[in-house]
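Student: This is what each chain is made of:
Protein chains: 2
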Amino acid sequence: MIKVSIMYPNGPGARFDHDYYRTRHLPLIQRRMGSALRYYTIDKGLTGGAPDAPVPYIAMCHLICDSIESYQSGFGPHAQEIRADIPKFTDRTPVRQISEVVVENSAASVTAARSPLAVDA
Amino acid sequence: MIKVSIMYPNGPGARFDHDYYRTRHLPLIQRRMGSALRYYTIDKGLTGGAPDAPVPYIAMCHLICDSIESYQSGFGPHAQEIRADIPKFTDRTPVRQISEVVVENSAASVTAARSPLAVDA
Chain A
1 MIKVSIMYPN GPGARFDHDY YRTRHLPLIQ RRMGSALRYY TIDKGLTGGA
51 PDAPVPYIAM CHLICDSIES YQSGFGPHAQ EIRADIPKFT DRTPVRQISE
101 VVVENSAASV TAARSPLAVD A
Chain B
1 MIKVSIMYPN GPGARFDHDY YRTRHLPLIQ RRMGSALRYY TIDKGLTGGA
51 PDAPVPYIAM CHLICDSIES YQSGFGPHAQ EIRADIPKFT DRTPVRQISE
101 VVVENSAASV TAARSPLAVD A
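Quick note, the sequences are listed as chains A and B, same order.
The letter at position 74 of the first sequence is residue 74 when you use the numbering used here, and the numbering goes up by one with no holes.
The letter at position 36 of the second sequence is residue 36 when you use the numbering used here, and the numbering goes up by one with no holes.
Next up, chain A with everything else stripped away, as it sits in the complex (with noise of 0.2 Å):
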């Protein structure tokens, strides 16, 4: 499973349209990616690491797909609709990354292990 993290700087004078951010732009790579998207996250930033810290990015989302290739099929014919739809809610140039998801839900993996459906060995 892999992780597309677009993560957006902050600055002075940063422009961010949250609002838009969650119930236009989201929902629109969501329909667009169909099932080659299992599900995203949305991340609002609040802080740095100390409280009076400036926070680094001003949102993120995460988006979790079963392989790059799922990935690549499911946004690349839509790359650009999408990233046309960027300037709606900010100003900022996201910075983006592909992570490994080696650990999903660290909880989720202990209810797993400790499901009442595990076969015994």
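Rather than coming from a laboratory, the hints here were simulated on the basis of the structure.
Given the structure is predicted, the values throughout are model-derived calculations rather than measurements.
Where hints are given, some of them may not hold.
Any copy will do: because identical chains look the same in the list, a pair fits if it lies in one copy or spans two.
Claimed, not checked - Result set (DMTMM-like, lysine to aspartate or glutamate): computed pairs, CA atoms no more than 25 Å apart in a straight line:
1. K88 - E104
2. K44 - D91
3. K44 - E69
4. K88 - E100
5. K44 - E100
6. K88 - D17
7. K44 - D19
8. K44 - E104
Since chain A is already given, all that's left is putting chain B on it; use the hints.
Tutor: For chain B alone, kept in the frame of chain A given last:
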């Protein structure tokens, strides 16, 4: 709900022991934080936005907590011990950010909305 993102910048010759990070460092954080930590995720950086672009972060983790206060009460007393563990797996200094979780899992939201346990208004 909040997410604490800890991101290790990539760079020439960067050292990072992904195995130690997964099997020792994050479990240490989990033990020390106890119930203040709902769950965590771990990402291993693969590529930047383009397949041949350098990856911005060599690794990331995200700690999910109920609130900034619960994170601080769980992490704060152990911050010194946890940070002293960092040189054991990397020579990088992480970027830290606290975000509001706007959408935790878009698929889970859909599932919940369609749950047979949902009560009609």
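Student: Take the hints in turn and mark each one as holding or not.
Tutor: Tested hints:
1. When the C-alpha separation of K88 and E104 is checked against a cutoff of 25 Å, the pair qualifies only between copies, where the shortest distance is 23 Å, while the shortest distance within a copy is 31 Å.
2. In the homo-oligomer, the alpha carbons of K44 and D91 lie at most 25 Å apart inside one protomer (16 Å), although the nearest pairing across protomers, at 28 Å, exceeds that limit.
3. For a Cα distance limit of 25 Å, the shortest separation of K44 from E69 across copies, 17 Å, qualifies, whereas the shortest one inside one copy, 28 Å, does not.
4. Within a single copy, K88 and E100 get their C-alpha atoms only as close as 30 Å, which misses the 25 Å cut-off; across copies the closest is 22 Å, which meets it.
5. Within a single copy, K44 and E100 get their C-alpha atoms as close as 23 Å, and across copies as close as 5 Å, so both meet the 25 Å cut-off.
6. Taking CA atoms no more than 25 Å apart as the test, K88 paired with D17 passes inside one copy only; the shortest distance there is 8 Å, against 40 Å between copies.
7. For the identical chains of this complex, K44 and D19 are intra-copy neighbours only, at 10 Å inside a copy versus 30 Å across copies, given an alpha-carbon limit of 25 Å.
8. Taking the closest pair of Cα atoms, K44 and E104 come within 25 Å of each other both inside a single copy (20 Å) and across two copies (11 Å).
Hint compliance for this structure: every hint is met.
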